[in-house]
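Enquirer: Residue strings, one per chain:
6 protein chains.
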Amino acid sequence: MTNQVEEFNAYRERMNDKILGDNNKIIKRIFNLDTNAFAAGALDVKTKELLGLVASTVLRCDDCVKYHLETSYKVGLSKEEVMEALSIATLVGGTIVIPHLRRAYEYWDELETIKDKA
Amino acid sequence: MTNQVEEFNAYRERMNDKILGDNNKIIKRIFNLDTNAFAAGALDVKTKELLGLVASTVLRCDDCVKYHLETSYKVGLSKEEVMEALSIATLVGGTIVIPHLRRAYEYWDELETIKDKA
Amino acid sequence: MTNQVEEFNAYRERMNDKILGDNNKIIKRIFNLDTNAFAAGALDVKTKELLGLVASTVLRCDDCVKYHLETSYKVGLSKEEVMEALSIATLVGGTIVIPHLRRAYEYWDELETIKDKA
Amino acid sequence: MTNQVEEFNAYRERMNDKILGDNNKIIKRIFNLDTNAFAAGALDVKTKELLGLVASTVLRCDDCVKYHLETSYKVGLSKEEVMEALSIATLVGGTIVIPHLRRAYEYWDELETIKDKA
Amino acid sequence: MTNQVEEFNAYRERMNDKILGDNNKIIKRIFNLDTNAFAAGALDVKTKELLGLVASTVLRCDDCVKYHLETSYKVGLSKEEVMEALSIATLVGGTIVIPHLRRAYEYWDELETIKDKA
Amino acid sequence: MTNQVEEFNAYRERMNDKILGDNNKIIKRIFNLDTNAFAAGALDVKTKELLGLVASTVLRCDDCVKYHLETSYKVGLSKEEVMEALSIATLVGGTIVIPHLRRAYEYWDELETIKDKA
Chain A
1 MTNQVEEFNA YRERMNDKIL GDNNKIIKRI FNLDTNAFAA GALDVKTKEL
51 LGLVASTVLR CDDCVKYHLE TSYKVGLSKE EVMEALSIAT LVGGTIVIPH
101 LRRAYEYWDE LETIKDKA
Chain B
1 MTNQVEEFNA YRERMNDKIL GDNNKIIKRI FNLDTNAFAA GALDVKTKEL
51 LGLVASTVLR CDDCVKYHLE TSYKVGLSKE EVMEALSIAT LVGGTIVIPH
101 LRRAYEYWDE LETIKDKA
Chain C
1 MTNQVEEFNA YRERMNDKIL GDNNKIIKRI FNLDTNAFAA GALDVKTKEL
51 LGLVASTVLR CDDCVKYHLE TSYKVGLSKE EVMEALSIAT LVGGTIVIPH
101 LRRAYEYWDE LETIKDKA
Chain D
1 MTNQVEEFNA YRERMNDKIL GDNNKIIKRI FNLDTNAFAA GALDVKTKEL
51 LGLVASTVLR CDDCVKYHLE TSYKVGLSKE EVMEALSIAT LVGGTIVIPH
101 LRRAYEYWDE LETIKDKA
Chain E
1 MTNQVEEFNA YRERMNDKIL GDNNKIIKRI FNLDTNAFAA GALDVKTKEL
51 LGLVASTVLR CDDCVKYHLE TSYKVGLSKE EVMEALSIAT LVGGTIVIPH
101 LRRAYEYWDE LETIKDKA
Chain F
1 MTNQVEEFNA YRERMNDKIL GDNNKIIKRI FNLDTNAFAA GALDVKTKEL
51 LGLVASTVLR CDDCVKYHLE TSYKVGLSKE EVMEALSIAT LVGGTIVIPH
101 LRRAYEYWDE LETIKDKA
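So the protein lines, in turn, are chains A, B, C, D, E and F.
Per UniProt numbering, the first sequence runs over residues 1 to 118.
Per UniProt numbering, the second sequence runs over residues 1 to 118.
Per UniProt numbering, the third sequence runs over residues 1 to 118.
Per UniProt numbering, the fourth sequence runs over residues 1 to 118.
Per UniProt numbering, the fifth sequence runs over residues 1 to 118.
Per UniProt numbering, the sixth sequence runs over residues 1 to 118.
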């Protein structure tokens, strides 16, 4: 049985492969930067993931939110920390953020369910 | 048989319950404000619903548009009034608003169909 | 002595003349539509001005806000009505709307000052 | 067997008919302008399609991207040209554009598949 | 001699007083929430300031950026930490963020200059 | 006597030097990509400049518009071509683009004035 998390990751991986397979230099480098920017530096990995999550949320990009929720989950951020970050995003971005908040909650639940099963 | 309106409301209610159940103060208060802001004041309820609808449309938030279409419908706004508001949103927000206009029309049709059946 | 209102209107008029003088059909028609869309129809002029104001505010376009504040003022909307519309814009659009709210307040004050002097 | 391209076009046509059937003047004129703006002028049709595509992509409007991908395909733009335009959109609009890039790639593939079958 | 920081704060304070003096409940509560949301909770104050800064930057709100740069400065975030946060904002939000990055750098410099003088 | 063009370029250069002097890898690479993305490839330089201009205009980034107006001017695009591109941006992005259109016209005039003097 598949779920939202697996579906999203499978689609993401399949299309990223196609895009990167086309060898457009600009796009390849942007994908590369995306990996580098979230590595530990002056700020630690957890803080950076929360920054990516909040940026994605206020810009209302559901797929970006999903991606950062999963990485947030993997680096060990708690639900409480994630939700506090999302509350700042909702305040700064306004009530139009709420539908994305609903989908973020749903996705986080799936991330926890998957782990419980494992 | 379910339809778009019921599906949207069921999902919205289910996830709002989860979100509010988590007791994040900031989010709870934003949800509260959302109820208060559309109550009659210097402006009447119909005008306020149209303001919420147009704000949601130019910011291109489909779920917010659905919500305000239903409340607009319930407070007795006519299709002509709603469509005139949406035409201002399309002019101010540009042709990128058109796909949201299509979905708004479809949703309004469902709202009318449900009532006709009742 | 000039003020913000006069400065904005003078610049707006001067540049609009230049733009329309160039005879780009698409742009001329969009300017035309802008005049038509806010004329009385199923909705009255006051309601339409508030819709234009809220759309401009959530999209954070200061010059568009100034324009609709002045037309709102001219069609006889009260400060209280305008501020209630702006409060909906701030809730829907989030705290990033607040700096535009400050400038809107300042501009409305100038509109009132000009009239008091007249 | 239907596909994404046919589904999108059928929905788009059906809803556009409904919207235009309602005789809202502002909306009808905006739809009209949309046809005129992309006709050959100082700039040729291919360049204009790419401009429409890039504008749609940075504003992250999937349906607008689909529409301009199909017209780009029909006027004979190559995949390489389209992807180069999309790479500029991704750089200017940031990594939040990437999910839309994935869907654009998928849609372009469908456009090519349909033609291969014909 | 005044500077950017003092000018911004004086204007901000003066207009906030006017806005809050008008007793619009919705706006007063949003202002209140803004204070609460950045207080220490599951996340510490420094992390929250960075979240506010990145949200403001990707939404391209210069005044919001200025505000969070000053609070970031006051809670003891280093230039390196702030710039790393801004680099994530630039990557996620794209090159249109760069003009705001320039103004953020300039403002941070003024914040440091003021302190050096004190 | 300085003008808008010189002022913008001087500020841009001064702040870019500061930003790049700080050696944040992510930001340096994004600046680099910006140079590469507009070089001739499957699309020629003129087309790419127009794409950059339209992306900047619909995202309503005045400084980005100024930058691309100047490069458009330098690569030999005519006023008519540039204005046709801007008309597409105004249609797609809506009337909130108009204030940016005014400033773009003013800047283009300055670019032409400077050349006439040279």
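Honestly, I wouldn't trust all of these hints.
As the list makes no split between identical chains, a pair holds if one copy fits it or if it spans any two.
Straight-line C-alpha distance at most 20 Å; calculated DMTMM-like pairs for lysine to aspartate or glutamate [stated by the list, open to error]:
1) Lys79 to Asp22
2) Lys117 to Glu13
3) Lys46 to Glu6
4) Lys117 to Asp17
5) Lys79 to Asp109
6) Lys28 to Glu7
7) Lys25 to Asp116
8) Lys46 to Glu80
9) Lys115 to Glu7
10) Lys117 to Asp63
11) Lys18 to Asp109
12) Lys18 to Glu81
13) Lys25 to Glu6
No lab work stands behind these hints: they were computed from the structure.
Enquirer: Next, verify each hint and record whether it holds.
Expert: Hints, one by one, checked against the model:
Taking the shortest Cα distances, Lys79 and Asp22 sit within 20 Å of each other only across copies (10 Å), while inside one copy they are farther apart (38 Å). Neither within a single protomer nor between protomers do Lys117 and Glu13 lie at most 20 Å apart by alpha-carbon distance, with minima of 23 Å and 27 Å respectively. In the homo-oligomer, the alpha carbons of Lys46 and Glu6 never lie at most 20 Å apart, since the shortest distance is 23 Å inside one protomer and 34 Å across protomers. In this assembly of identical chains, Lys117 and Asp17 lie within 20 Å of each other by CA distance neither inside one copy nor across copies; the values are 29 Å within and 24 Å between.
Proximity of Lys79 to Asp109 under the C-alpha cut-off of 20 Å is restricted to the intra-copy arrangement: shortest distance 10 Å within a copy versus 36 Å between copies. Taking the closest pair of Cα atoms, Lys28 and Glu7 never come within 20 Å of each other, the shortest separation being 23 Å inside a single copy and 31 Å across copies. Taking the closest pair of Cα atoms, Lys25 and Asp116 never come within 20 Å of each other, the shortest separation being 41 Å inside a single copy and 28 Å across copies. With identical chains, the CA atoms of Lys46 and Glu80 are at most 20 Å apart both within one copy (13 Å) and between copies (17 Å).
When the C-alpha separation of Lys115 and Glu7 is checked against a cutoff of 20 Å, the pair qualifies only within one copy, where the shortest distance is 16 Å, while the shortest distance between copies is 28 Å. In this assembly of identical chains, Lys117 and Asp63 lie within 20 Å of each other by CA distance neither inside one copy nor across copies; the values are 24 Å within and 32 Å between. When the C-alpha separation of Lys18 and Asp109 is checked against a cutoff of 20 Å, the pair qualifies only between copies, where the shortest distance is 10 Å, while the shortest distance within a copy is 30 Å. Proximity of Lys18 to Glu81 under the C-alpha cut-off of 20 Å is restricted to the inter-copy arrangement: shortest distance 16 Å between copies versus 35 Å within a copy.
For the identical chains of this complex, Lys25 and Glu6 are neighbours neither inside a copy (29 Å) nor across copies (32 Å), given an alpha-carbon limit of 20 Å.
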